Amino acid sequence: MLRFVLLMIGFFHLPAWAAKSNLDLMPYPSSITQQEGSFNTSMPLRVYLPNLPKSHIQYLRQQLRNTFGNVRFTKNIERANIIFDTSGTSALHPSLNQSESYQLAINSTNIKIQAAQYWGINYALQTLKQLAFQFPSQIPAMIIDDKPRFAWRGLMIDSARHFIPINIIKRQIDGMVSAKLNVLHWHLTDDQGWRFASVNYPKLQQLASDGLYYSKTEMLEIVAYAAIRGIRVIPEIDLPGHASALAVAYPELMANPGPYHMERGWGVFKPLLDPSNPNADIFIKHIIEELAAIFPDPYVHIGGDEVKPDHWLESKAVMAYIQKLGLNSAVELHNHFNLKVQTQLSAHKKILMGWDEIFQPALSKAVVIQSWRGFDSLTQLTNAGHMGVLSAGFYIDQPQYTSYHYRNDPLPQQPITQADIEHNKQWQAWQFSITRLKGSPVTGHFALATDNNTNQLGYVAINGRKLMTIKQLETLANITRFDIDTWMGPVRFSFVTNQPEQSQILIGNTPYEHHISALPDVPKLDPAQFATIPHAEASKRILGGEATIWTELVMPYNLDLRIWPRLYAIAERLWSPQDLQDAQQMYQRLKTLDQFAVKRIGLRHQAQHLQGLAALSNQGDIDALKRFSQLVEQAQYYTRHHVKYQQGLYHQQAPLNSLVDFLPAESLYLHQWYLVLQNKDNTKHYLTLYNAYQAWLKDIPKLEATFAQSSALSTLLPLLVHHQNSLELGLQVLKYCRDHTRSTDINALRAKIWQQTRRHGELILAVNHLTEAILDSCFMQQGATPSIN
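If you're matching positions, the sequence shown starts at 1079 in my numbering and goes up one per residue.
Please note that a few of the clues may not be correct.
Unchecked claim - The calculated lysine-lysine pairs, modelled on DSS-like cross-linking and capped at a C-alpha distance of 27 Å, are:
(1) Lys1402 - Lys1348
(2) Lys1348 - Lys1363
(3) Lys1281 - Lys1294
(4) Lys1677 - Lys1704
(5) Lys1348 - Lys1394
(6) Lys1207 - Lys1153
(7) Lys1248 - Lys1225
(8) Lys1386 - Lys1363
(9) Lys1132 - Lys1248
(10) Lys1602 - Lys1544
(11) Lys1780 - Lys1704
(12) Lys1363 - Lys1427
(13) Lys1443 - Lys1427
(14) Lys1418 - Lys1394
(15) Lys1443 - Lys1544
(16) Lys1190 - Lys1677
(17) Lys1544 - Lys1516
No lab work stands behind these hints, which were simulated from the structure alone.
All values derive from a computational prediction rather than experimental measurement.
Produce the entire structure from the sequences given, and follow the hints as far as they go.
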């Protein structure tokens, strides 16, 4: 994407201790001291393990055997050359704020791992496994001192919308521990399915699960499997909303008597538990008792989000209940309901957790609130005394650039202030409207200024949101360009100052229809538009973050492909020091971790990609199809969801077996070319790129033949015409780069590229973003220096 052009060099930096390192580790450790020499892993390895629970010992032995082929275990520490040492006792189950720090010391004679608890030993072993993968025979000598930045580092897996088998859940747990994540948030119920088998309410699995649910034995198995790996399992049972499946099984517990049928569509629906019904309280009591017998972690997630009050307001019994309690609204009734659930949980020494909507002053301050609404919400709830976990910006069910997730920090940076805007600057403003495929347009204005030192800066005001700072402005020929990170993902404005109607706005990799026009005056800003950050004590209440994989468009056969390898980058943001910010260096390490995850952890994202392509090709040219798949991407943001909604395919039974379903979130292959373009002298690379474009062009006849004989691909035949045009345009740009043709109209070239970048259903011909990055690179190489501040 254009985000990776040469202009971005120098904006992020590595800490001094990391900049000199050649270690492809993720998450990157807190401190590495590299020393002389190396440890020879080819010699016989004798391992000493401390006195730990039997299950932990067995797990460590298995991990070591999978890492080194010549491992023996000894009870004599003097004979060992790999020594594990822990000074404290170790519980069977992990807990919040447990000790996870460790030291890993490697010299020419031994490897020594020290930690206060087993959890730190396990994380040290994960680091050692990555080192052994990168250095299979001689691991460089070093001392690593490491600890996590946040105590809560999670992944939410939605098993309700599409059921995920136990073995696939276990595989994600294996990946999680390799990334030093420590919370599996298991979303077990929703409108489309109740997956938690209940002893007291058997109709839930009989009528509301399509026969796809987890038994008590299976859930206990997952808890034990995760615990050995240092991962807490937190169940989510949605209350009082997202309850359509519950309503099918027990309509008598609902505010509206029904009848109900299994909900197949995606979205937000009306069924709600009836808080005035004593049997609903008994139901919640029994469900909590069953959960408590399975999940030892003190936190239980009740969802609590997206409660449509219609059925409450239409129920005479509920309205009478509201009047009896002296409540004034459905919001107050929802608060009352949450307090009742909190009381039920407290009886079992459990603590309530939920999404932003449960936030209220009356809740216990021990409640953890998970924010899907973003930094403003997280600031509000932590300033009010609650603990918070950030998920906004970590929604990996959306295809997004890994760099976008990597910039997303649970501790917000200093926001723009009134002083920033008013201080001795001349401002100009433009209003904009972005037309989304579903929902209302995104409207607002942006303002740009140049101060007395000719530094450029600006802000974006999106209606209903806090101001966002523009940290970099780029001027290239006739366009001004800047990026902001929003709840939709990264948004790029590329606008022609004198002809704003010719501008482009990208949400991620996807162009959106829009309107931009100059304003005669800069709009006056309300003080409420300026964002705040958590105060010092509130910052301590930000526990960390959770990536979320909602499964509307995800199936078991492409789950790994949707999660990995980018979850390593999110894990690094939650584990590693905050000043580790270099996205390009992250991508280089991610390339190694991509292979490590497959060859050492057993993750199947690469296999799912290739197996999907093989099935689609129907005995066609799989190699050509693979090369093509590296040049296209899923349309980012929720574009795919909205397209399916428009097509009437936004439901549980819609097929998910098209090319778009077997593409990763972004093309890491294309990203390697962006890294090449960051070299100061790109001249020698233009010929390599020219040859690559020609090779891609030669694949067109092979692709046409493969698409034509595949029923699954034949509908994409028209896309190949656009693909060919895109590649020919790329060759034209590269000719300009190689021949230094000063008379070339680069504005016209850019306009042609933008024309080719348009969305094709759920797909984007992402090679066009590479073509524009090449154009920018050679434009600067030829002496036309852009304005960068």
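Legend entry - Contradicted hints - numbers only: none
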